[in-house]
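Asks: Whole structure, please, built from the sequences with the hints as guidance.
Chain by chain, the residues:
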Amino acid sequence: MKTVITSTGNQLSSTFDLRFGRAKYFCLYDENTKETKFYQNPNTAANSGAGVKTAEKMVELEAQKVISGDFGPKAKDLLEKFNIQMVILPDDKRSVKEIIDSIQ
Amino acid sequence: MPVKIAIASGKGGTGKTTVAVNLFHFIRQFRTNHVLLVDCDVEEPNDLIFFPDATPVDEKDANQLIPEINTDKCTFCRRCVEYCEFNAIVVIPLVQFAEINPGLCHSCGACLVACRDEAITEKPYSIGKIRSHTIDGKAHLLVGSLKIGSAMQTLLIKTLKKQPVNEAEIILYDSPPGTSCPVVTTTADADYVILVTEPTPFGLNDLKLTVDLLRELGKSFGVIVNKAGLGNRDLYDYLDKENIEIIGEIPFNKAYASVYARGALLKQIPKEIEDLYQNIIIEIIEKTGHYA
Chain A
1 MKTVITSTGN QLSSTFDLRF GRAKYFCLYD ENTKETKFYQ NPNTAANSGA GVKTAEKMVE
61 LEAQKVISGD FGPKAKDLLE KFNIQMVILP DDKRSVKEII DSIQ
Chain B
1 MPVKIAIASG KGGTGKTTVA VNLFHFIRQF RTNHVLLVDC DVEEPNDLIF FPDATPVDEK
61 DANQLIPEIN TDKCTFCRRC VEYCEFNAIV VIPLVQFAEI NPGLCHSCGA CLVACRDEAI
121 TEKPYSIGKI RSHTIDGKAH LLVGSLKIGS AMQTLLIKTL KKQPVNEAEI ILYDSPPGTS
181 CPVVTTTADA DYVILVTEPT PFGLNDLKLT VDLLRELGKS FGVIVNKAGL GNRDLYDYLD
241 KENIEIIGEI PFNKAYASVY ARGALLKQIP KEIEDLYQNI IIEIIEKTGH YA
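As they're listed, the protein sequences go chains A and B. So that you can map any letter, position 76 of the first sequence is 76 in our numbering, and since no number is skipped, the others follow by simple counting. So that you can map any letter, position 173 of the second sequence is 173 in our numbering, and since no number is skipped, the others follow by simple counting.
Hints listed in this document are in silico derivations from the structure and should not be mistaken for laboratory results. Note that the Cβ used here is the ideal one computed from N, Cα and C, for glycine as well. Heads up, a few of these hints could be off.
[As the list claims (entries may be wrong)] Covered stretches of chain B, going by a simulated chain A footprint (3 or more residues, C-beta under 8 Å):
no. : segment
1   : 80-94
2   : 100-106
[As the list claims (entries may be wrong)] Partial list, computed: chain A residues near chain B (C-beta under 8 Å):
no. : residue
3   : 12
4   : 37
5   : 48
6   : 52
7   : 56
8   : 76
9   : 80
Replies: What follows is the structure, given as C-alpha cells:
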C-alpha cells in the first residue's frame, strides 16, 4: 500500500503541508518496503486546476491513500474516481515522519 | 447603429439597477419606445423584478463549447495537456484515462489544435439562460442568468450582446459591480458609461478603481451621485480634482428607498426624480449624439 503525505519540504523532518493542489512536495511512503521518496510538486504556481493536476499525479504515483489538510471538489472527484482514499488532517503541524509513524 | 450606454460602479449597492431601470422607463416616456435594457449582472440579475407586466418572448440556453476526448481514439500522448493553459485536461497513460473538466475549461480550442488523433470533439454545455421580455412590443428587456458554479460570466455577457436588438435605438447595459472581466466586457462596446456612486468612503474608494479602469479602456464617462446628502464631501473633492462631470444627483430619501425595497420603483415616482432623469437623458443624448 502506497500513501502520499503532502509536505512543505523534501525531508522527513519537514512540516506537513496543509494544501493539497499547491503543496510544496509529496512524500510517497510504501508501507511494504517502508521506503519514502519525495517529489517536488510542479503545480504550486498553476493559475487554475492545481488540485486536478495534483490528483492526476497521485494516480501516476499509484498512491492508494493521500493525507493532506483538505481537498478541493475537483480534486476530490478525480481521487474518488480512482478509489484513492483521502485522509484530512486539519491544522496539523507535525512533521512528515511523525505522521508516517502514526499510521504504521 | 443604436447608442449603447453602460451603467456601472465599483461598489455594489450604489444604485446601478435603480438608474438603469429609471433610464429605461424615462427614455420610453420622453424619447423613444425603441429601447433595450440588457441585464449584464448575470450572477444576480434583478432588473426584471421592476417590470412585473413584461411579457416573455424567448428563452434559450447560452452554451459554452466543451471538448470531449474519445478514449477509443486517444493515444494518451498528453499533447493536449501541454497545450491547455487552464489545467482542464487530465490524461493518465498508466490507466488509459483521459477527461476534460468543464469547470476549468475556457473553450479556447487549443486542445483541438493539439490533438493529432482526431480524438477531441466539442459539445455544447449550458452556462446559463438568456431570456427576452417585452413591455409593449417595442421596448425589450434581455436578461442573462449564469448557472450556479459556472465561471463563464464574460462568455454569457458576450452571448447576451450578440442577441437581436429588436430595432432598439438606445441600448442600456446594467453592469455587474466590480472592476474585473465581466465589467470590462459589459462596458467594452459602450459609447458612454454612467458611473453610479454614493458619497461615502466606500463609494469613493471603489469609484476611483472604476475611473482608472475606464480611463485605461479609453471610455467617456460621467458620474451620477446617488444617496446624495449621506457621507461626506470627499467624493465631490475627488470629482472636482479629476475633472469628472456629475451628470446627476439623486438625493437620499428614506421614503424613496422603501418604495425601491418593495419593488415598486416605477409605480410611485416623485416629481423631482422625474425631472432629474429627464435632465440626465438630455445630457446623455447630447454626449452620444442620439437625436431620435
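Asks: Let's test the interface hint: is any C-beta of chain B closer than 8 Å to that of residue 76 (chain A)?
Replies: The hint is violated - residue 76 (chain A) has no Cβ within 8 Å of chain B, the shortest such distance being about 12 Å.
Asks: With a C-beta cutoff of 8 Å, work out whether three or more residues of the segment 100-106 of chain B approach chain A closely enough for the coverage to hold.
Replies: holds (count 3)
Asks: When the nearest CB of chain B is found for residue 80 (chain A), is that gap smaller than 8 Å?
Replies: Status violated, d = 13 Å.
Asks: Given a cut of 8 Å on the nearest C-beta pair, is the interface hint for residue 56 (chain A) held or broken against chain B?
Replies: holds (5 Å)
Asks: Is the listed coverage of the segment 80-94 of chain B by chain A valid when you require three or more residues with a beta carbon under 8 Å from a beta carbon of that chain?
Replies: holds (count 8)
Asks: Using the nearest Cβ pair, does residue 37 (chain A) come within less than 8 Å of chain B?
Replies: Not OK, violated: residue 37 (chain A) not within 8 Å of chain B, min 17 Å.
Asks: So, as I understand it, the hint says residue 12 (chain A) touches chain B; can you test that by seeing if any CB pair is closer than 8 Å?
Replies: violated (27 Å)
Asks: Any CB of chain B closer than 8 Å to the CB of residue 48 (chain A)?
Replies: At about 5 Å, which falls below the 8 Å cut-off, the nearest Cβ of chain B leaves the hint on residue 48 (chain A) intact, so it holds.
Asks: Please verify that hint: residue 52 (chain A), Cβ, nearest Cβ of chain B, below 8 Å or not.
Replies: This interface hint holds because 6 Å falls under the 8 Å limit.
When held up to the earlier numbered hints, the structure conflicts with 3, 4, 8, 9 and fits the remainder.
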